[in-house]
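**Q** So the sequence lines, in the order shown, correspond to chains G and B. Add 10 to the 1-based position in the first sequence for the numbering used here, that's all there is to it. Add 2 to the 1-based position in the second sequence for the numbering used here, that's all there is to it.
Heads up, a few of these hints could be off.
[As the list claims (entries may be wrong)] Derived pair list, reagent style DMTMM-like, types lysine to aspartate or glutamate, alpha-carbon separation capped at 25 Å: (1) B:K18 with G:E39; (2) G:K447 with B:D44; (3) G:K18 with B:D44; (4) B:K74 with G:D22; (5) G:K272 with B:D44; (6) G:K447 with B:E14; (7) G:K315 with B:D11; (8) B:K74 with G:D399; (9) G:K96 with B:D44; (10) B:K74 with G:E39; (11) G:K96 with B:D11; (12) G:K327 with B:E14; (13) G:K443 with B:E76; (14) G:K312 with B:D44; (15) G:K447 with B:D11; (16) B:K82 with G:D58.
[To be verified] If we take Cβ atoms under 10 Å as the criterion, some of the chain G residues that face chain B in the derived model are: (17) G45; (18) G98; (19) L212; (20) P231; (21) H325; (22) R338; (23) H465; (24) F466; (25) V470; (26) F475; (27) P476.
These aren't lab readings, by the way, just hints derived from the structure by calculation. Backbone N, C-alpha and C fix where the C-beta goes; we use that ideal spot for every residue, glycine too.
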Amino acid sequence: MEIPYTVKARPDTGLWNAKMGIWLFLASEVMLFGGLFSAYIFLRIGADYPWPVHVLNPWYGFINTLVLIFSSITVLQAWLALKMRKWGMYQIWMVLTIACAGAFMCIKTVEYNDKFHHYGVQLNDGSVLEGHLVNNEYLVKFGEVKTVTLATRLNAKGMLGINLVNPASDAGFLKYLVEGKPEFKDESGNIVTLDSSVVAKLLAEATKNKKPTVKLTAVVPLKFNIEPARLAAYDKGKAAFRDGTEIEGKLEDDTMRLLVDKVDLRRLIPTQEENLGKAVADVNDADAWKVLGPEWKEKYLKHYKEESGKFAKEHDKQVPLKNGDFVREAFTMEISLHENGATAHQVKPEINEKETHKAAESPQHMAPTHAAEGGGHHDHPEIAIEKKDIHFYSNFTPKYNNYFAIYFALTGLHGLHVIGGAIVLSYFLFFGKKMFKENPEHLANRVETGGLFWHFVDLVWIFLFPLLYLM
Amino acid sequence: MSHEHQDHDSPEYLKKQSLLVWKIGGVLGFCTIATWLVAFHDFGSHGRNITIGLMIAAFKASLVALIFMHLKSERGIIYKFLAFTLVFVTGLFVLTYLHWSDPLKDYLF
Numbered sequence: 011m012e013i014p015y016t017v018k019a020r021p022d023t024g025l026w027n028a029k030m031g032i033w034l035f036l037a038s039e040v041m042l043f044g045g046l047f048s049a050y051i052f053l054r055i056g057a058d059y060p061w062p063v064h065v066l067n068p069w070y071g072f073i074n075t076l077v078l079i080f081s082s083i084t085v086l087q088a089w090l091a092l093k094m095r096k097w098g099m100y101q102i103w104m105v106l107t108i109a110c111a112g113a114f115m116c117i118k119t120v121e122y123n124d125k126f127h128h129y130g131v132q133l134n135d136g137s138v139l140e141g142h143l144v145n146n147e148y149l150v151k152f153g154e155v156k157t158v159t160l161a162t163r164l165n166a167k168g169m170l171g172i173n174l175v176n177p178a179s180d181a182g183f184l185k186y187l188v189e190g191k192p193e194f195k196d197e198s199g200n201i202v203t204l205d206s207s208v209v210a211k212l213l214a215e216a217t218k219n220k221k222p223t224v225k226l227t228a229v230v231p232l233k234f235n236i237e238p239a240r241l242a243a244y245d246k247g248k249a250a251f252r253d254g255t256e257i258e259g260k261l262e263d264d265t266m267r268l269l270v271d272k273v274d275l276r277r278l279i280p281t282q283e284e285n286l287g288k289a290v291a292d293v294n295d296a297d298a299w300k301v302l303g304p305e306w307k308e309k310y311l312k313h314y315k316e317e318s319g320k321f322a323k324e325h326d327k328q329v330p331l332k333n334g335d336f337v338r339e340a341f342t343m344e345i346s347l348h349e350n351g352a353t354a355h356q357v358k359p360e361i362n363e364k365e366t367h368k369a370a371e372s373p374q375h376m377a378p379t380h381a382a383e384g385g386g387h388h389d390h391p392e393i394a395i396e397k398k399d400i401h402f403y404s405n406f407t408p409k410y411n412n413y414f415a416i417y418f419a420l421t422g423l424h425g426l427h428v429i430g431g432a433i434v435l436s437y438f439l440f441f442g443k444k445m446f447k448e449n450p451e452h453l454a455n456r457v458e459t460g461g462l463f464w465h466f467v468d469l470v471w472i473f474l475f476p477l478l479y480l481m
Numbered sequence: 003m004s005h006e007h008q009d010h011d012s013p014e015y016l017k018k019q020s021l022l023v024w025k026i027g028g029v030l031g032f033c034t035i036a037t038w039l040v041a042f043h044d045f046g047s048h049g050r051n052i053t054i055g056l057m058i059a060a061f062k063a064s065l066v067a068l069i070f071m072h073l074k075s076e077r078g079i080i081y082k083f084l085a086f087t088l089v090f091v092t093g094l095f096v097l098t099y100l101h102w103s104d105p106l107k108d109y110l111f
């Protein structure tokens, strides 16, 4: 069956059908993104924490904006080439458009990767330290582990046969074994070497005998270095994995080592506070200085004086604490050992090396060099934060705060649109030749439809760039 | 490109369109740089920066919609779709605003 009105306009609407369809679809897309933009405003207005401003590297957003604008031009040129029946030019412009989509997604991937490796650590008093984990890892270290208890789940079938929790232990905990062989004595005194098949066999046997656990004793004491995300809970002598496996031993170390690139003290100031002197007194005793050391506190106070002096000069009639820009500039500070850091107020402090690196265990920890977000290489001081001092920590993902939640929701959905648009345009490029020969105007109309969607994707980004990156 | 007028398919018209697209692209690029500069310039308050930045973004979006998406010369029925959608989108933003300035909340708490 031939689809009607693919080239000529329907008499009643005055439009060919696909154009009518794409505009209806775009209207629904306006609603979709409108809802998300509305959510962004809602979250920003209602935030009970300092809304992050200028935390993303604007270069990523800027370059991606230019890439999308250029791709909007190229897709139009491709359509115009088709209208002029120039197949070769059409191919060139379309390849450029799809290459732009690829470039956009590559930049987005690099940007997301930065977020996944950048952490914020909130101390018990509300001070926030931002930076990168040393060697990109934070591990809870257990030594002298003598007992491992595997968990079975009797009657493990969940609702409609779907288990919402892990049905039983698996061999995943063995991944974190760093010292010793996984040789154990089972409850009958037999020696077993654990791997995934042996674990499965032991659990199957226990389930058959309706035993909830399988207790294993290590032949030699073992050592585990475990990612905290894999643990449900732990104390000084025991750690429970999320799948129910428990190990008993001795907690050796759960200190976080961080290459700090920023200190943020804004949460220490009460929301209604208007007395600047009191606010400064509050941040003077911040927990951040206990881990960063007095030299950085001195640098911070100098930085604060500079910022408040600048503000007094430029805004003599305003209450400083009512000005979000001032609060952000004065109560946060970039931290870098590099003299030519990204910001003017970064100064190389005369740091006591032993003090700064006292927590480092291995030689590589003594050279805190890291590619900070922003592309430049800066040296950041390495600090050790004890677990008891940490109130909350996360990488810059939706878990960290609502800003990153809406950032990932908006840019992720937008990214999916870029991928979808690129697939459709690729189809027109690689499978359009036959239609071009038989009915070029039909192909031109198809490309126009795809192009309209592509411009909409560009249009959404035009708002995302300033809202997320610049404001 | 939307209308079935013969002159819209003439090589001269299409060449003019091609040139126009490049010009508009240049304006959009320039506006992107302006958005960046505005964001880091002190206009007295952050609210003003946001307003000016969004005004530039709205101007850019208008150019994309009117020129690149050809709304400038499109049929009336498409405007009707968009007007219908706009009512609901505006409603979403108004609801957000209503929450922000809830008189009951201000009175009771």
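**Q** Each hint should be assessed against the structure and marked as holding or not.
**A** Results of checking the hints against the structure:
A threshold of 25 Å between alpha carbons decides the hint, and for B:K18 with G:E39 the separation of about 31 Å lies outside it, so the pair is violated. Taken as a hint, the G:K447 and B:D44 pair is broken in the structure, with Cα atoms around 57 Å apart against an allowance of 25 Å. Using a Cα cut-off of 25 Å, the hinted pair G:K18 and B:D44 is violated, with the two alpha carbons roughly 53 Å apart. With a CA separation close to 21 Å, the supplied pair B:K74 and G:D22 stays within the 25 Å bound.
For the proposed pair G:K272 and B:D44, the alpha carbon gap of about 23 Å is at most 25 Å, so the pair holds. A threshold of 25 Å between alpha carbons decides the hint, and for G:K447 with B:E14 the separation of about 23 Å falls inside it, so the pair holds. At roughly 66 Å between alpha-carbon atoms, G:K315 and B:D11 are farther apart than 25 Å, so this suggested pair is violated. Between B:K74 and G:D399, the direct Cα distance comes to roughly 60 Å. Violation of the 25 Å bound is thereby established for this hinted pair.
Proximity of G:K96 to B:D44 is assessed by CA-CA distance (about 50 Å); at most 25 Å being required, the pair is judged violated. Note on B:K74 and G:E39: the hinted pairing holds, with a Cα-Cα distance of about 20 Å set against a maximum of 25 Å. Under the criterion of a C-alpha separation no larger than 25 Å, the hint pairing G:K96 with B:D11 is consistent with the structure, at around 14 Å. The straight-line distance between the Cα atoms of G:K327 and B:E14 is roughly 60 Å, outside the 25 Å bound, and the hint therefore fails.
Annotation: proposed proximity of G:K443 to B:E76 is violated, straight-line Cα distance about 28 Å (limit 25 Å). For the hint pairing G:K312 with B:D44, the CA-to-CA distance comes to about 22 Å; that is within 25 Å, so the pair holds. For the hint linking G:K447 to B:D11, the alpha-carbon distance of about 18 Å falls within 25 Å, and the restraint holds. A hinted pair counts as satisfied when its Cα atoms are at most 25 Å apart, and B:K82 with G:D58 does not qualify at roughly 40 Å.
At about 6 Å, the closest approach between the beta carbon of G:G45 and any beta carbon in chain B falls short of 10 Å, and the interface hint on this residue holds. With a least beta-carbon distance of about 15 Å to chain B, the hint placing G:G98 at the interface is violated under the 10 Å criterion. Because the smallest distance between the Cβ of G:L212 and any Cβ of chain B comes to about 56 Å, over 10 Å, the interface hint for this residue is violated. For G:P231, the interface hint is violated, the least distance from its beta-carbon to any beta-carbon of chain B being 57 Å, above 10 Å.
A least Cβ separation of about 7 Å between G:H325 and chain B falls short of the 10 Å threshold, and the interface hint therefore holds. Restraint check, G:R338 versus chain B: the minimum CB separation of about 9 Å is within 10 Å; hint holds. With 10 Å as the threshold, the beta carbon of G:H465 comes within range of chain B, its nearest partner Cβ sitting at about 5 Å, so the hint holds. At its closest, the beta carbon of G:F466 sits 7 Å from a beta carbon of chain B; the interface hint therefore holds under the 10 Å criterion.
Among the interface hints, the one on G:V470 holds; its C-beta lies about 9 Å from the nearest C-beta in chain B, closer than the 10 Å criterion. With a least beta-carbon distance of about 7 Å to chain B, the hint placing G:F475 at the interface is held under the 10 Å criterion. Contact between G:P476 and chain B, as hinted, is supported at the beta carbon level, the nearest pair being about 4 Å apart and thus within 10 Å.
Hints 1, 2, 3, 7, 8, 9, 12, 13, 16, 18, 19 and 20 from the earlier list are contradicted by this structure; the remaining hints agree with it.
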